[in-house]
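Residue numbers (the numbering used here), protein chains in the order written: chain A, 52 to 340; chain B, 52 to 340; chain C, 7 to 264; chain D, 7 to 264.
Since the hints were derived computationally from the structure, they do not count as laboratory data. All C-beta atoms in this analysis are idealised placements derived from N, C-alpha and C, irrespective of residue type, glycine included. Misleading hints may appear alongside valid ones.
Unchecked claim - So, partial list: chain B residues that the calculated Cβ filter (under 7 angstroms) puts toward chain C: (1) Gly125; (2) Ser154; (3) Ala159; (4) Ala163; (5) Leu178; (6) Thr193; (7) Thr197; (8) Gly198; (9) Gly229; (10) Ile230; (11) Asp292.
Said to hold, decoys possible - Think about it this way: if two alpha-carbon atoms lie no more than 25 angstroms apart in a straight line, the pair counts; the simulated DSS-like pairs of lysine-lysine are: (12) A/Lys218 / A/Lys184; (13) A/Lys184 / D/Lys257; (14) C/Lys184 / B/Lys290; (15) B/Lys218 / D/Lys257.
Said to hold, decoys possible - Derived list of chain A stretches under chain C, where covered just means 3 residues or more per stretch with a C-beta under 8 angstroms from a C-beta of chain C: (16) 171-184; (17) 189-200; (18) 266-276.
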Amino acid sequence: MSELMSLADAVAATVSDGDTVAMEGFTHLIPHAAGHEIIRQGRRRLTLVRMTPDIIYDQLIGMGCAEKLVFSWGGNPGVGSLHRLRDAVENGWPRPLALEEHSHGAMANAYAAGAAGLPFAVLRGYLGVDLPKVNPNIRTVTCPFTGETFAAVPALRPDTAIIHALKADRAGNVLIEGILGVQKEAVLAARRALVTVEQIVEDFGPRSPNAVILPSWTVTAVAHVPGGAHPSYASGYYKRDNAFYLAWDAIARDRDGFIAWMKANVLDKGPEAFAAHRRRLAAPAEERS
Amino acid sequence: MSELMSLADAVAATVSDGDTVAMEGFTHLIPHAAGHEIIRQGRRRLTLVRMTPDIIYDQLIGMGCAEKLVFSWGGNPGVGSLHRLRDAVENGWPRPLALEEHSHGAMANAYAAGAAGLPFAVLRGYLGVDLPKVNPNIRTVTCPFTGETFAAVPALRPDTAIIHALKADRAGNVLIEGILGVQKEAVLAARRALVTVEQIVEDFGPRSPNAVILPSWTVTAVAHVPGGAHPSYASGYYKRDNAFYLAWDAIARDRDGFIAWMKANVLDKGPEAFAAHRRRLAAPAEERS
Amino acid sequence: MTLAYTATEMMTAAAARALNSRDVCFVGIDLPSAACNLARLTHAPGIKLIYESGTIETKPNVLPLSIGDGELCETALTTVSVPEMFRYWLQGGRVTVGFLGGAQIDRFANLNTIVIGAYDKPAVRLPGSGGAPEIANCCGEIFITMRQSKRSFVDRLDFITSLGHGEGGDHRARLGLKTKGPTKLITDLCVFEPDPETREMTVVSIHPGITAEQIEANTGWPVRFAANLVETPAPSDLELRVLRDLHARTKRAHGEQA
Amino acid sequence: MTLAYTATEMMTAAAARALNSRDVCFVGIDLPSAACNLARLTHAPGIKLIYESGTIETKPNVLPLSIGDGELCETALTTVSVPEMFRYWLQGGRVTVGFLGGAQIDRFANLNTIVIGAYDKPAVRLPGSGGAPEIANCCGEIFITMRQSKRSFVDRLDFITSLGHGEGGDHRARLGLKTKGPTKLITDLCVFEPDPETREMTVVSIHPGITAEQIEANTGWPVRFAANLVETPAPSDLELRVLRDLHARTKRAHGEQA
Chain A
52 MSELMSLADA VAATVSDGDT VAMEGFTHLI PHAAGHEIIR QGRRRLTLVR MTPDIIYDQL
112 IGMGCAEKLV FSWGGNPGVG SLHRLRDAVE NGWPRPLALE EHSHGAMANA YAAGAAGLPF
172 AVLRGYLGVD LPKVNPNIRT VTCPFTGETF AAVPALRPDT AIIHALKADR AGNVLIEGIL
232 GVQKEAVLAA RRALVTVEQI VEDFGPRSPN AVILPSWTVT AVAHVPGGAH PSYASGYYKR
292 DNAFYLAWDA IARDRDGFIA WMKANVLDKG PEAFAAHRRR LAAPAEERS
Chain B
52 MSELMSLADA VAATVSDGDT VAMEGFTHLI PHAAGHEIIR QGRRRLTLVR MTPDIIYDQL
112 IGMGCAEKLV FSWGGNPGVG SLHRLRDAVE NGWPRPLALE EHSHGAMANA YAAGAAGLPF
172 AVLRGYLGVD LPKVNPNIRT VTCPFTGETF AAVPALRPDT AIIHALKADR AGNVLIEGIL
232 GVQKEAVLAA RRALVTVEQI VEDFGPRSPN AVILPSWTVT AVAHVPGGAH PSYASGYYKR
292 DNAFYLAWDA IARDRDGFIA WMKANVLDKG PEAFAAHRRR LAAPAEERS
Chain C
7 MTLAYTATEM MTAAAARALN SRDVCFVGID LPSAACNLAR LTHAPGIKLI YESGTIETKP
67 NVLPLSIGDG ELCETALTTV SVPEMFRYWL QGGRVTVGFL GGAQIDRFAN LNTIVIGAYD
127 KPAVRLPGSG GAPEIANCCG EIFITMRQSK RSFVDRLDFI TSLGHGEGGD HRARLGLKTK
187 GPTKLITDLC VFEPDPETRE MTVVSIHPGI TAEQIEANTG WPVRFAANLV ETPAPSDLEL
247 RVLRDLHART KRAHGEQA
Chain D
7 MTLAYTATEM MTAAAARALN SRDVCFVGID LPSAACNLAR LTHAPGIKLI YESGTIETKP
67 NVLPLSIGDG ELCETALTTV SVPEMFRYWL QGGRVTVGFL GGAQIDRFAN LNTIVIGAYD
127 KPAVRLPGSG GAPEIANCCG EIFITMRQSK RSFVDRLDFI TSLGHGEGGD HRARLGLKTK
187 GPTKLITDLC VFEPDPETRE MTVVSIHPGI TAEQIEANTG WPVRFAANLV ETPAPSDLEL
247 RVLRDLHART KRAHGEQA
């Protein structure tokens with residue numbers, strides 16, 4: 052059964068040095084506040100897993116929290132490169148970063164396999180390309196009926212999955228809505244799960260009988276962090292901070308500027324800072340949610 | 052793009068002698084009206100696929116439409132045996148019925164594999180049991196990472212999938228809600244799909260952004276058949292006819308009684324007969340739908 | 007005073023008592039459904055009930071007549087597709103207790119729900135396996151509820167539909183299974199549990215008024231009795247009241263079919 | 007009179023014209039998104055747009071800045087999970103046209119979006135593959151949109167991220183693929199299509215005011231020109247008005263980031 056905790060307690064309870072941590076959210080609901088807390092707690096030697104490492108992992112990598120990245124697309128969406136990620140890969144600063152690189156389809160299938168209790172995922176892909184030459188975790192299986200060969204990748208089974216969701220109820224159940232990404236699979240594939248939420252409600256109330264809900268017994272810790280996805284967005288709560296994604300390019304471009312920004316905006320701040328972003332970018336509730 | 056047709060035209064357009072046909076609906080939304088229409092059109096040599104062949108397939112088998120059954124549980128839920136299915140298997144009446152027998156997990160995974168464009172499904176199951184000894188389509192694959200062995204079954208790729216749903220809109224999209232079963236996977240795994248619906252609406256209107264919807268371009272034909280799931284139920288429209296499930300045991304017990312009932316209630320009737328069942332068993336709209 | 011009760015009520019109460027609030031149960035209809043809801047309405051209010059139709063954390067007010075009654079969906083936390091149920095929830099290892107039963111059982115709690123006689127020339131064709139093979143493989147442990155008779159408690163199964171303890175001993179482990187398999191077999195006469203070594207199902211508790219002779223007379227193999235044999239406590243007045251109210255509500259909702 | 011237009015508008019219009027109302031498109035952001043929505047708002051109102059964030063049949067009123075903008079979900083028929091998107095919709099063979107681009111392309115339309123230089127000692131580390139490997143394998147056909155330069159149109163890729171026509175000829179078929187692969191390469195200068203035999207990308211249409219010399223000067227391999235070479239029709243006033251209105255709406259909605 053999930054426990055409602057402060058973000059600091061929740062991260063302390065679920066993330067340790069050397070853990071494999073998957074922080075998911077596909078453009079929508081990226082758990083930035085939890086990423087900041089991991090940085091404040093000074094975690095080290097993490098293996099970071101994420102389909103689309105963007106600003107959240109640029110920050111963790113630039114602050115030296117990670118030793119390995121498992122991913123399928125690393126960039127600042129619509130803007131350009133992640134300078135901290137590139138500095139780590141190209142120059143080993145602040146420390147070398149090992150890469151395990153897949154395609155989106157492989158990552159999505161690997162989370163689904165982890166959630167389904169299988170050690171591997173099978174997919175139609177990787178034909179005629181070079182990734183299998185540089186990633187020994189891309190192998191093949193043969194269909195026992197047709198003899199066709201398919202790509203196989205190991206299931207993702209992170210020590211901890213971290214996601215941001217719209218609502219949790221008093222019982223500790225979590226509701227995800229809108230762009231779902233791989234968050235449900237990441238939580239079900241992980242040993243421990245931390246969920247930050249925009250809102251705690253008494254009860255989810257009237258909803259689709261097929262609403263995407265993570266029962267409290269699949270979640271370790273829930274933390275109430277309004278605005279916790281900023282600069283990503285939370286459908287019906289606040290908009291994506293597109294200006295910040297653009298600004299990040301300059302902030303992260305050189306090491307000193309990056310460190311100074313992280314000190315002022317992460318190390319010297321707490322999760323409550325995110326509430327201001329939510330107010331600033333507040334969106335009208337969506338018709339359909 | 053799906054076309055709105057009469058049930059007779061829709062069945063004529065999607066089901067031919069010798070086809071492999073999957074009629075799905077897990078207790079909820081079983082497409083009985085479409086089954087009756089297939090019987091009226093005198094289809095033969097069908098391979099019938101269904102996780103839980105119950106009354107709908109007892110009728111098709113008893114009327115001689117089928118030469119093979121692919122299934123995982125065949126009975127009258129909560130009542131007992133399917134007498135027509137047993138008569139075909141035990142005595143070859145009205146004709147022999149070949150069985151390809153799986154578990155629920157294997158069937159569900161086989162539909163999902165078909166929907167996902169894979170020729171086989173992998174699952175953890177069938178360990179230490181006899182089904183693999185009598186079903187050559189239960190084989191194994193070895194995980195290329197752990198060396199563990201898993202069961203593999205062929206994907207289900209029916210010629211035609213037939214389901215009953217709550218609503219279609221004018222554009223031919225189909226909404227499924229409540230107990231979903233394997234209907235979405237069956238439709239996406241099939242070459243052709245026929246959907247009977249309780250209601251045609253202008254637009255689905257306000258709904259969850261993650262509502263379970265089959266786009267019109269995944270469906271071949273839509274037929275408006277109010278009550279078309281009877282004696283199964285349609286959430287928010289009418290209740291399950293539990294009395295009929297009990298009555299079926301006596302109706303189907305002997306061959307003559309069965310034939311007489313089928314003539315009076317199926318051969319000499321049309322889809323409009325189902326509307327009366329819907330009125331009789333009308334349920335108050337569900338709070339949450 | 008203590009109310010009189012039926013053998014079915016004794017079975018149901020004995021099964022309910024084996025559950026607790028931390029359990030996530032994969033429930034079948036009929037007796038397992040009654041037992042799980044009895045537990046939920048008495049000593050295990052936190053128990054999570056899952057039915058294979060995809061309903062998660064359902065709290066039915068009346069017992070379902072089918073595995074997919076609307077009541078299960080309407081009172082559930084949420085309802086997922088059947089492929090997701092089997093992949094993420096059952097195979098994903100989220101279920102602590104699964105309930106099974108069958109037409110035949112052997113001393114190692116292997117079950118047959120497929121055929122009496124030869125598979126290709128059946129004397130009696132049974133419904134089939136449903137989800138039993140993967141339930142038996144994937145749930146943390148299995149509770150079996152069956153009425154005893156020599157016809158159903160047999161020396162040798164005609165067909166193995168779901169794995170219990172196989173040939174006994176470490177057979178499950180040798181097959182690579184980490185789950186416990188059948189830990190309780192609850193009948194109308196007694197409760198069996200697997201012997202720690204041989205894994206043969208052994209009588210550990212006899213229901214009030216039942217004799218060892220009756221049990222032997224209704225079992226198709228030489229029955230082993232545990233050294234520390236006890237009497238199953240009779241259903242309490244509370245258990246009987248709650249169970250009978252549940253059945254009464256169910257009858258009112260479903261009419262005579264219930 | 008005909009409006010003046012930019013090279014980007016020419017590329018966008020040329021890509022839009024290649025789409026029709028029966029297409030189901032797997033759309034990327036930027037130019038492909040503009041082209042697909044231009045087609046939807048002009049000659050292909052029935053076109054179905056899918057973004058990898060899970061949005062199905064989305065009809066955005068403004069262009070998304072990211073693959074997962076709220077606008078895409080709010081205007082979609084429905085939104086599914088990312089694993090379902092890749093399993094049932096892309097791998098399931100439901101997509102007729104996928105759009106790709108990259109940092110490098112070769113004459114057989116293989117693409118590189120992973121690294122310049124050696125993989126383990128990169129000169130430039132690029133973002134990675136995203137869904138490109140399976141998009142290139144699973145979509146009915148692929149349209150590629152890229153600006154031409156010797157830096158990006160290279161004789162030999164540093165790394166093959168997604169398969170075009172491989173080494174040419176029947177290479178895709180030999181790999182067991184039934185999909186067509188890249189059938190159009192639309193640049194700021196011209197349109198390439200694969201040669202029926204060799205599958206080498208061949209110039210079939212040159213944009214107004216562009217010369218063969220300019221194309222050769224910006225291509226890292228000896229360019230082949232089709233026998234029946236034509237001039238690409240300039241963007242029509244309608245295409246330009248609709249496209250500019252779309253960009254104007256997008257700017258109003260997103261401010262200067264658009």
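We went through each hint and held it up to the structure:
Annotation: B/Gly125 was flagged as interfacial toward chain C, and the flag holds, the nearest CB pair being 5 angstroms apart, inside 7 angstroms. Checking B/Ser154 against chain C by beta carbon gives a least distance of about 4 angstroms; that is within 7 angstroms, so the hint holds. A distance limit of 7 angstroms between C-beta atoms decides the matter here; for B/Ala159 the minimum to chain C is near 4 angstroms, and the interface restraint holds. For B/Ala163, the shortest C-beta to C-beta distance to chain C is roughly 4 angstroms, which falls under 7 angstroms, so the interface hint holds.
Evaluation of the B/Leu178 hint against chain C yields a held restraint, the C-beta minimum of about 5 angstroms falling below 7 angstroms. Interface restraint check for B/Thr193: the shortest CB-CB distance to chain C comes to about 12 angstroms, outside 7 angstroms, so the restraint is violated. Evaluation of the B/Thr197 hint against chain C yields a violated restraint, the C-beta minimum of about 10 angstroms exceeding 7 angstroms. For B/Gly198, the interface hint is violated, since its Cβ never comes within 7 angstroms of a Cβ in chain C; the closest pair sits about 10 angstroms apart.
At its closest, the beta carbon of B/Gly229 sits 5 angstroms from a beta carbon of chain C; the interface hint therefore holds under the 7 angstroms criterion. Because the smallest distance between the Cβ of B/Ile230 and any Cβ of chain C comes to about 5 angstroms, under 7 angstroms, the interface hint for this residue holds. The criterion of a C-beta within 7 angstroms of any C-beta in chain C is not met by B/Asp292, whose closest approach is roughly 10 angstroms, and the hint is violated. A distance of roughly 43 angstroms separates the Cα atoms of A/Lys218 and A/Lys184; the hinted pair therefore is violated under the 25 angstroms criterion.
At most 25 angstroms may separate the alpha-carbon atoms for a hinted pair to count; A/Lys184 and D/Lys257 exceed this at roughly 43 angstroms. Annotation: proposed proximity of C/Lys184 to B/Lys290 is violated, straight-line Cα distance about 42 angstroms (limit 25 angstroms). Simply put, B/Lys218 and D/Lys257 have alpha-carbon atoms about 38 angstroms apart, too far for the 25 angstroms limit, and the pair is violated. Chain C is given as covering the stretch 171-184 of chain A, and this is violated because 0 residues of the stretch bring a CB closer than 8 angstroms to a CB of that chain, at least three being needed.
Counting residues of the stretch 189-200 of chain A whose CB lies closer than 8 angstroms to any CB of chain C gives 0, so the stated coverage by that chain is violated, three being the minimum. By the rule of at least three residues with a Cβ nearer than 8 angstroms to a Cβ of chain C, the coverage given for the stretch 266-276 of chain A holds, with 3 such residues.
Hint check: violations occur at hints 6, 7, 8, 11, 12, 13, 14, 15, 16 and 17; the rest are consistent with the structure.
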